[in-house]
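**Q** So the chains spell out like this:
There are 4 protein chains.
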Amino acid sequence: MQHISWQDAPELCYVIGPYVVPLATVAPGEMFTVDTLDAFGNRVTGPDTPPTKVLSMPYVNPVTGPIYVEGAEKGDTLSVTIHEIKAGRDFGVSATIPEFGGLCGTSLTRTLNEPLPERVWIHPITDEGIIFDPNLDIPKIPFEPFYGTMGTAPELEAISTLSPGWHGGNMDAPDVCPGNVIYFPVNVPGALLHIGDGHAAQGDGEVSGVAVEIPTVGTMMVDLIKGRSIASPRIENAEYIMTVGNARPLEDAARIAFYELVRWLTLEYEIDRINAYQLCSQVAKVRLANMVDILYTIIAKFPRVYLPRRREMT
Amino acid sequence: MQHISWQDAPELCYVIGPYVVPLATVAPGEMFTVDTLDAFGNRVTGPDTPPTKVLSMPYVNPVTGPIYVEGAEKGDTLSVTIHEIKAGRDFGVSATIPEFGGLCGTSLTRTLNEPLPERVWIHPITDEGIIFDPNLDIPKIPFEPFYGTMGTAPELEAISTLSPGWHGGNMDAPDVCPGNVIYFPVNVPGALLHIGDGHAAQGDGEVSGVAVEIPTVGTMMVDLIKGRSIASPRIENAEYIMTVGNARPLEDAARIAFYELVRWLTLEYEIDRINAYQLCSQVAKVRLANMVDILYTIIAKFPRVYLPRRREMT
Amino acid sequence: MQHISWQDAPELCYVIGPYVVPLATVAPGEMFTVDTLDAFGNRVTGPDTPPTKVLSMPYVNPVTGPIYVEGAEKGDTLSVTIHEIKAGRDFGVSATIPEFGGLCGTSLTRTLNEPLPERVWIHPITDEGIIFDPNLDIPKIPFEPFYGTMGTAPELEAISTLSPGWHGGNMDAPDVCPGNVIYFPVNVPGALLHIGDGHAAQGDGEVSGVAVEIPTVGTMMVDLIKGRSIASPRIENAEYIMTVGNARPLEDAARIAFYELVRWLTLEYEIDRINAYQLCSQVAKVRLANMVDILYTIIAKFPRVYLPRRREMT
Amino acid sequence: MQHISWQDAPELCYVIGPYVVPLATVAPGEMFTVDTLDAFGNRVTGPDTPPTKVLSMPYVNPVTGPIYVEGAEKGDTLSVTIHEIKAGRDFGVSATIPEFGGLCGTSLTRTLNEPLPERVWIHPITDEGIIFDPNLDIPKIPFEPFYGTMGTAPELEAISTLSPGWHGGNMDAPDVCPGNVIYFPVNVPGALLHIGDGHAAQGDGEVSGVAVEIPTVGTMMVDLIKGRSIASPRIENAEYIMTVGNARPLEDAARIAFYELVRWLTLEYEIDRINAYQLCSQVAKVRLANMVDILYTIIAKFPRVYLPRRREMT
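Those protein sequences? They're chains H, E, G and W, same order as listed.
Under the numbering used here, the residue at position 188 of the first sequence is numbered 188, and the numbers go up by one with no gaps.
Under the numbering used here, the residue at position 94 of the second sequence is numbered 94, and the numbers go up by one with no gaps.
Under the numbering used here, the residue at position 35 of the third sequence is numbered 35, and the numbers go up by one with no gaps.
Under the numbering used here, the residue at position 293 of the fourth sequence is numbered 293, and the numbers go up by one with no gaps.
It is worth saying that the hints were derived from the structure and are not from the lab.
Every residue, glycine too, gets a C-beta built ideally from N, C-alpha and C.
Treat the hints with care, as some may be off.
The calculated lysine-lysine pairs, modelled on PhoX-like cross-linking and capped at a C-alpha distance of 20 Å, are [as the list claims (entries may be wrong)]:
id: 1; chain 1: W; residue 1: Lys140; chain 2: W; residue 2: Lys86
id: 2; chain 1: G; residue 1: Lys140; chain 2: W; residue 2: Lys86
id: 3; chain 1: G; residue 1: Lys140; chain 2: G; residue 2: Lys86
id: 4; chain 1: G; residue 1: Lys74; chain 2: G; residue 2: Lys285
id: 5; chain 1: H; residue 1: Lys285; chain 2: E; residue 2: Lys86
id: 6; chain 1: W; residue 1: Lys285; chain 2: G; residue 2: Lys285
id: 7; chain 1: G; residue 1: Lys285; chain 2: W; residue 2: Lys86
id: 8; chain 1: H; residue 1: Lys74; chain 2: E; residue 2: Lys86
id: 9; chain 1: E; residue 1: Lys86; chain 2: E; residue 2: Lys53
id: 10; chain 1: H; residue 1: Lys140; chain 2: E; residue 2: Lys285
Just the calculated beta-carbon pair ranges, DEER-fashion [what the hints assert, rightly or not]:
id: 11; chain 1: W; residue 1: Met57; chain 2: E; residue 2: Ala231; range: 44 to 52 Å
id: 12; chain 1: W; residue 1: Arg310; chain 2: H; residue 2: Thr52; range: 53 to 61 Å
id: 13; chain 1: H; residue 1: Thr52; chain 2: W; residue 2: Asp127; range: 56 to 64 Å
id: 14; chain 1: E; residue 1: Ile122; chain 2: G; residue 2: Glu236; range: 26 to 34 Å
id: 15; chain 1: W; residue 1: Lys86; chain 2: H; residue 2: Gly88; range: 57 to 65 Å
id: 16; chain 1: H; residue 1: Glu239; chain 2: E; residue 2: Pro303; range: 16 to 24 Å
If you want the footprint, here are the derived chain G segments under chain E, 3+ residues with CB under 8 Å [to be verified]:
id: 17; stretch: 13-25
id: 18; stretch: 148-160
id: 19; stretch: 242-249
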């Protein structure tokens, strides 16, 4: 099984775009493994190495890639089936970063207030789960790993790995996890998949801006849906079909996610647009994935159990 | 058991404020029943009575109240424990309303596009659940009733029953349901509780703007926490402590909810502010309650299982 | 000439609604004078009386009114022609108020950062203009007075005098000034006009949240346009026709203002909707009135010189 | 005088980034001329060539560049002094583009409504000004040309020429005009200046999404401020010092602009942060540049007349 490692890249990759020589090539249907650094490039390891000391913009959140997918062409859709994500070490890290996060003035929501203090957490990962703080007498947090960042190259743009967008990217969506299939638009030959920002656990919204950050070793398979394009990432599992909206303000992210969900329902199932809209109003679920990144991310989820009869595709 | 009915009011109530003579008085600890009209005043009953024909602003979403709570004074907190909500008839109604909803131009997000068509749905309610559309071969939707609108009077303002706010109001939050305790600020003598807008079911976000609307008969009990005030509604059940943010844009609603959650944690539990913020980033859940009303509503939920040791209150 | 004073009211008025007994009655075409307190009720007079010490919510921004306009009925439009606004004393005051303003965490944009410091400024008003700070060697600021708050009662709601809205209210728009005619919707018999929050000068956006606040004595005349209603306030002078949008986020305020401008142009002038939209794209001006209040305010301005031929009204 | 033309580029440039070989090199202090295509690549020339027929994303808004500035290094500031912008032909074009603009559902503010109709305008440019529509009896619009798009390369990102940002880009700010000096951050060797999207006239906000679009021939000079960096573009002329905020929602753009203005004032003039904030509240002006692009743009303007004494720089 092919193993793809950031260590084989000539330099770390901090943008998702069409300008970097592919790190590896995979075939549709091929199972492969990937290793990733954590969002801090594994450089934050304790109180003495806080983010603002060891990192400088824009060199944050390195991803592994680009991975060239054989046969992928503009107008296709790439699917990524994630089989497993293992932690690359026995602890996660997190931090509060001044002028970043959901409850403070930031570079985008600019305020004159003094920044919040910077603090680093080391979270041991055990077989029973994640220890948030040994001094707090609370249960371990389940290890539920996912990729905070996964996306395909835009046609012309190179987008910071800190931003989500139409291409996927830094969505910080816990639904990008083992057992789920993630779909991305293909805009360039080879699709150019990028993967990184492993999280061992994360709450909805990732409110402080940082999850339990880990390097990872993951196992996955890619496939292509030829000649069918999607506007924004989609996700599927046994329970839900899901659409993703990345935008600011947050209601625009929700509008995109629901618009794509209504479009999916009406194109592939026997239901008209207004009825699909109304059915969503009664049965849809919503995940606030992140309220901290350059764009915010909302996942709209439609329970499979309520899917109408599938439309005959011609 | 005292029964409080909108039928006993001299006229229907469309604002939540201090200016209407109380409809009834209840004592802390007293169990009572309340009946409510649906958000359309029970006047939308089929395709021939669409909202824009039978209703006119601001006479939409009548609530039952005000209910005067004995002993309530400014600075207290009112708790409402909901025991049961029964549907007041054997069907729910829903509708698309032109220039209202999450995926269209509205009176607040003004566009020059032609409005979406108006349509009415009648949803039979059976013992097995709610029939969305007899022509769609999908399972019945579980009957999971809640109050879309519940709140206490502000001190000076009279707020449309279509709007949520610091006082509660039209939050369209499925967590305002049987089994949960809802907390509201008390701003005036008697608190002046208002209740309405029963929903038999609703998806996250209530994306079309309308849920499965029903008149209700509910059973509940109120109580007072004397001398302790809250800024925004709170909710508790066996699984979560929850805070509510009502604002636009949606990220401001999320900020309020999380800020109040962090405040709650730090005041009542042995955890400092930054640690509480970070713990929320790893374990909190978020409900998008509505993305359609005059203000949007976000519920931030903290799982009880992760609550630190309770602080000794002096 | 009738003089209307807040001193004649049984108590100060902090909401704009239909529930308060009118303070005075005026006839269409009648010229009258009004005096107003400043937004702090004249209680902030120096460093020893900062807002958080001498004021408590919701008792902020008292207005003079309600003023009953003879013959005004729901569905009419009220015009207010402002002739003069004089400062009621020889100084203005301003302040930074913790958790209020455009560049800090606030009660609506909630952050965990420490609040900004509170500070009070006393600004002498001389015949040559306003002294910002005697220690700063800068020119005097021109005395350009206007009412920050002016509006008519909603039908059922009572709206805080701190909030703007469809009824006008706390728009903090420098265009509500002598020489201009301001139009408000009439929702209740007598219209119930409220006036306050005099500003001796203010920058666009009122970014700190506070202008040069003054009590005032103003001279004005009201009139009625019978049987014609408007959705949101409008303003006219020799140079522009203007529409007002009050909303959050700010783009929704801008959308409302421009939508109403396009509607005005197409209803009263010989131009179709798309052409009017496009013409606005080339010649309209925009004023950011406030980015600090409960709703933000945008004024869209169309230069009279580009007005097409007036439509024949039937 | 060196003339730099898009015609000399191997292919048209649709992103602003570090990945394209420079088209030309200029020296600080050197005067040069540049020609640019209009935002439609000069391909929309009448009703038969509407944007959706002749263009396809992401190949919209070609810019001339990159222009390499000798000696520019990361951490410097680039100034561009614009001397003249001439129209490259005797007419401008404009259009309504479905799902783009300020008063309709768009790709970011997603709605289910039918799109607005597409329409093309040809605006003759005469010595007396611009004819909006020969059928409308209104005065000619003054020819007030500026560049809608001007910016320097980010360090790693390649940003669509349709988007503004920290690097400048598609700000659609009428202040990027002859007589003004525009400042941009330098992130890469040579700064890599890109210029395009000439507008012959534009209203505040560019509400339909399209101005009077023209190809241009411009004359300008660049210079460097060595070792001083800025976070976001700045503009100066005889009347104002100006800062630019590019963000969504619009209040975040305003916050960035005002934050940078306060920072500028406090760093270079003898005034403290809170006093500068308050002075802005009384005398600043605001331009809404665009409310239609991928990010919105606000210009905060401080009148030079009120500038405090300049700080002694060490």
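**Q** Hints first: check each against the structure and report whether it holds.
**A** Do the hints match the structure? See the list:
The suggested pairing of Lys140 of chain W with Lys86 of chain W holds, with an alpha-carbon distance near 18 Å, which does not exceed 20 Å. The suggested pairing of Lys140 of chain G with Lys86 of chain W is violated, with an alpha-carbon distance near 39 Å, which exceeds 20 Å. In summary, the hint linking Lys140 of chain G to Lys86 of chain G is supported, as the alpha carbons are separated by about 18 Å, within the 20 Å threshold. For the proposed pair Lys74 of chain G and Lys285 of chain G, the alpha carbon gap of about 31 Å is over 20 Å, so the pair is violated.
For a cut-off of 20 Å, the pair hint linking Lys285 of chain H to Lys86 of chain E is broken: about 24 Å separates their Cα positions. At most 20 Å may separate the alpha-carbon atoms for a hinted pair to count; Lys285 of chain W and Lys285 of chain G meet this at roughly 13 Å. The straight-line distance between the Cα atoms of Lys285 of chain G and Lys86 of chain W is roughly 24 Å, outside the 20 Å bound, and the hint therefore fails. For the hint pairing Lys74 of chain H with Lys86 of chain E, the CA-to-CA distance comes to about 54 Å; that exceeds 20 Å, so the pair is violated.
Restraint check for Lys86 of chain E and Lys53 of chain E: not satisfied, since their Cα atoms lie roughly 28 Å apart, outside the 20 Å limit. Of the supplied pair hints, the one linking Lys140 of chain H and Lys285 of chain E holds, its CA atoms being roughly 17 Å apart against a limit of 20 Å. Hint check: Met57 of chain W to Ala231 of chain E, Cβ distance near 45 Å, so the stated range 44 to 52 Å holds. A hinted range of 53 to 61 Å is violated for the C-beta pair Arg310 of chain W and Thr52 of chain H, which are about 31 Å apart.
For Thr52 of chain H and Asp127 of chain W, the hinted distance range of 56 to 64 Å is satisfied, since their beta carbons lie about 57 Å from each other. At roughly 48 Å, the beta-carbon separation of Ile122 of chain E and Glu236 of chain G lies outside the given 26 to 34 Å, and the hint is violated. Judged by the Cβ atoms, the range 57 to 65 Å given for Lys86 of chain W and Gly88 of chain H holds: they are separated by roughly 59 Å. One distance hint, 16 to 24 Å for the beta-carbon pair Glu239 of chain H and Pro303 of chain E, holds here, with the actual separation near 20 Å.
Chain E is given as covering the stretch 13-25 of chain G, and this holds because 4 residues of the stretch bring a CB closer than 8 Å to a CB of that chain, at least three being needed. Counting residues of the stretch 148-160 of chain G whose C-beta sits closer than 8 Å to any C-beta of chain E gives 7, which meets the bar of three, so the coverage hint holds. Counting residues of the stretch 242-249 of chain G whose C-beta sits closer than 8 Å to any C-beta of chain E gives 4, which meets the bar of three, so the coverage hint holds.
Hint compliance for this structure: hints 2, 4, 5, 7, 8, 9, 12 and 14 are broken, all remaining hints hold.
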